[in-house]
Every structure is written in structure tokens, then in C-alpha cells.
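Undergrad: Join these two chains into a complex; the hints should help.
Protein chains in written order, with this note's numbering: chain A, 23 to 128; chain B, 61 to 255.
No lab work stands behind these hints: they were computed from the structure.
Mixed in with the good hints, there may be bad ones.
[As the list claims (entries may be wrong)] Restraint ranges, calculated between C-beta atoms of paired labels, are given here:
| id | chain 1 | residue 1 | chain 2 | residue 2 | range |
| --- | --- | --- | --- | --- | --- |
| 1 | A | Arg115 | B | Leu149 | 16 to 24 Å |
| 2 | A | Arg113 | B | Ala151 | 28 to 36 Å |
| 3 | B | Phe172 | A | Phe92 | 27 to 35 Å |
| 4 | B | Glu191 | A | Ile107 | 28 to 36 Å |
[Claimed, not checked] Some chain B residues close to chain A (C-beta under 8 Å, calculated; not the full set):
| id | residue |
| --- | --- |
| 5 | Ala91 |
| 6 | Ala177 |
| 7 | Ser182 |
| 8 | Val220 |
Values in this document were obtained by computation on a predicted structure and should not be read as measured data.
Using N, Cα and C, we set each Cβ at its ideal position, and we do this for glycine too.
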Amino acid sequence: MSFLGSIVTPNWYLVLAAVLFTIGAVGLLVRRNPLVMFMCVELMLNAVNLTFVAFSRALNDLGGQAVVFFVMVVAAAEVVVGLAIVVAVLRRRPLATADDVATLKG
Amino acid sequence: MPELITFILAGAIVLVGAVGVVLLRHPVHAALSLVATLFGVAVLFVAQDAQLLAAVQVIVYAGAIVVLFLFVIMLLGVDEADDLRVEPLVAQRPLAVAAGVGILGLSLVSLFVAGGATGASSTLLAPDPAEANIAQLGRLLFTEYAFAFEATAILLTIAVVGAVMLARRPPADAGPEPLAPTSDAEVTDESEVLS
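The shape of chain B in the complex, shown without the other chains (with noise of 0.2 Å):
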């Protein structure tokens, strides 16, 4: 019975949150909105003992990717209100409705037809539940999928590298540099970057 609760709130917010974010004409709004979901959707990872990635959620999404959001929102000035009832493309609103009633019937129609979640239990990877689920994620990270996990540590640098290389201000833009050495040094780590 409280998981039954737990399910009915935490998915009430989700998907309050979720239509809040498709429809709510400001930006802002959009952002605080995903916010919500992102809550919802940690509380509901926390009722199936996924601990961890609960925590990960609130830290890495409402706490870095929608501050991102904000920050770029701020910092270019975008928050004006769309204009939801411009529609430039002719019937896309129609279109994308039932492109979304498509979606939802395939994969609800797939679930009825397969009966719900089939397949076999785990043998290998079966979670202790004796053991903290950090402890037991944290190993498995560091063994089974370590080459994966080196692997993101190089994606995140490419993405790091790439985001200053796309957000840098271009140089005809800049107009003369009051000061020599910057912009050599600009010169270098650029060439440095492309070579």
C-alpha cells in the first residue's frame, strides 16, 4: 500500500511536470517544470531500490543539466514567451499528435501483447540485498563495465573540449585585441585543439 501511494503521487508529478514542460510558453517555466519531473521520476527510482541512482538524478539532472538550462536561458536573454499558436509548418500539430498516439499505442499495445515484463532472471548480477545498493553498483562500474566507464571519462572530455570550442566568441567578432598576448594564447590553444 505505501508503494501504491508512493506510485500514484510521484506519478502524478511526472506527468504534471512533464505536460508543464511541453506546454507552458516560457522557457523558465519549461525548465522549473522539468525540474518537477526530474523530482518525480527520482522518487520513483528510490521506490524500486535504486538508491544511488535516485541521488545521481537530483544531483546531476535538477542540480547541473537544468541549471545549464537556466544559465543559458539567462545569459542569452531567450526568455521571451513563445507564441503557441503560431504554427508555421501546415498540420503539424496534427501530425506530431498522432505521431505521440502512434508511440503510445505501439509500445502499450506490445506491453499487453507480451504480457508485461517477461524474461529470465538474473543469475550473474543479481543485486544482495544485504549490501548497500552504492557498494554493489560501485563494483559492478569498476569491474564488469569498466572499459565503459574509462570510455564516458573520454566522452565527457571531448564534450567539454567541444562545448568551449563551439561557445568561444569568434575572432572576427572580437574586433582588434586590446592585448597581444591573449590573443596568442588564443591562437595556440586553438591550433592545439584542431592539430
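For reference, chain A alone in the conformation it holds in the complex (with noise of 0.2 Å):
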């Protein structure tokens, strides 16, 4: 299996969903939006769900498809679960960044 054959291989999935990943990384850690943290989030559970379809196919079995599913489930789970507390800081402290989930303590 040559890395840079005529047709495409799973490991062009695998490099893609790396390249990714590691921007969804590294927007979590550099934006300070909170709104955009989990759009960040929502990135990488997307680079790794194509890793698990890559495979899926690369190995001919439908578990990873099923394995994206559920991924695909919480990911919504998550997101309102973390919208809803985004909406009750900020509703208290508009313009809050992440800095300010701080003031949250104590």
C-alpha cells in the first residue's frame, strides 16, 4: 500500500483527519469565544469520526460506522448540555470570554 498510489488510499483519510484535528486543537486552545471553543470541539469529534469511517472501510466492518453514530449522539448531547451553560454565564455576564467561567468558583 503505497502512501502516494493512483487511487485514494485510507491513510489520505487518516493524514486528512490528522490536518484536522489539529486545527480544531489548536483553535480550542487559542480562541477565547467560548461559542467557538465548541465549534472546535465539534472539529475534532469530526476528524476522529472520519478516522473511524476510514478504518471502517479499510478493514470491511460496519462497527465503526456504528461506533460514528453514537459519536455523532453524544457530540449533540454535549452541545446542548454546554450551550445551556453557556447561555446561563452569559446571560449573567454578557461578553464573558472563557477567562470569566472562572468567577464561577466559590
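TA: Next comes the structure, spelled out in C-alpha cells:
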């Protein structure tokens, strides 16, 4: 299995997913708007989903696609709860950034 | 060859959208850029014979999650653009970029060292090319993964209840309630959830 063969091998998808994951991780570390940070988490989850599907096809196994299904459900639940927390924080402190969430303690 | 063209186009959309999410200053623009990435990933799912997941990706992610993001942005009026030049923590950006280089380097090195996607081919869950993807995946979800499927139902219920509890306006802010029955109903709702 040559890395840059004439056809698209699963490795191409894995490299693309690694780049996508890295962009999401860097965005999560750099941005301070909590909403944009959530979007970066979604990018990372999508990168992992892409690797699952690539392995699912490479190994001829439908289980990878089933796992992606569950990852999507968990991502939806995570976004719902996370956005509710963001709403609760921003209602009290408009223009809050992720740094201001530290005021929740105590 | 068609798969190569599809991969290059969809991959370019995915990467440009992802960079847009990180670099665009306005949250609404970042959300729309996220839609481009999600569509690109859906195209890549189709290219890898995961048709059901592509449909779910478009419906759930682009249709529900991004709309939820936009609702929150518009509802709270937090659509002021970030000033990306402000750097509150010293050396946060260089450290973040270094962490990104580390993550990318580690994953690519591990991929090269392993020689790509390795592993034994499946014997039990091999897809049948003669049958539709959705039928096979549906059967798998309701037999092999039935317990996990039921667990996700509980998870979604808990998430909805938690979101309603969190996003509820606190009673102290509401002031005197004009209608006694509604406040009573709220109190009973809360006590039920808490118990």
C-alpha cells in the first residue's frame, strides 16, 4: 500500500483527519469565545469520525460506522448541555470569555 | 480517478472551513464556516460508502447543531467580533501552535511508522455490498449495539432535562410573579426534577 498511490488509500483520509483534528485543537487553545471553542470541539469530533469511517472501510467492518453513530449522539448531547451552560453564564455576564468562567468557583 | 477528485475537492472544503472556524473573528461567520466543514466531511463519508452517516451528518450537524449555535449567538446577542490581537495570557498562542505541531507530528509519525491503516479484516461485521448501507447499519444498531442504543436514549433525555434546568431563568431574577399558578407549577417541576 503505497502512501501516494494512484488511488485514494485510507491513509489519505487519516492524514486529512489528523490535520483537521490539529486545526480544531489549536483553535480550542487559541480562541476565547466559548461558542467558537465549542465549534472547535466539533471539528475535533468530526476528525475522529472521519478516522473511524476510514478504518471501517479499510478493515471491511461496519462496527466503525456504528461507533460514529454513537459519537454523533454524544456530540449532540454535549452541545446541548454546553450551550445551556454558556447561556447561563452569558446571561449573567454579557461578553464573557472563557477566562471569566473562573468566576463560577466559590 | 473520480474518488481522487472527490477527495481533493471535499478535503479542500473541509480544511478551508476548519481554518475559517479558527480564524474568522465573528462567531456567526465561524458557524457558517463550520457548516462548510461538516458538508465536506459528509461528502467524504459518501466517498467511503457510509451513506447513512452522511445523511445523519447533514441532518444532525448542519441542520440541528449549527442552527443551535446560531440560535444561541442571536439569542444572546453575543455576535460582537473578537479582537484576535488581544493576547491575555503571555505566550498562549506560540504554546498553542507548538501543541498543534506536536499533535500533528505525533499522529503523522505514528501513521508512517505503522505503515498506514493496519489490522485484521473483519470476519463478523463485514458489510454486504448487495444490501443497502442503512439496512445493515440499522440491523447492527438494534442487535449488536442494542444496549448502547438504549443508553443513548437515556443520555439524550438527561441532556434535555439538564439543558432546561440550566437555561431556566433563575427565580430571583424573575421578580414577583404576576400569576400564582405558573410559579407554583415551576416550583413543583423543579422539585420533581431534583428528587
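Undergrad: Sort out which numbered hints this structure fails and list those numbers smallest first.
TA: Number 4 - this is the single hint that the structure violates.
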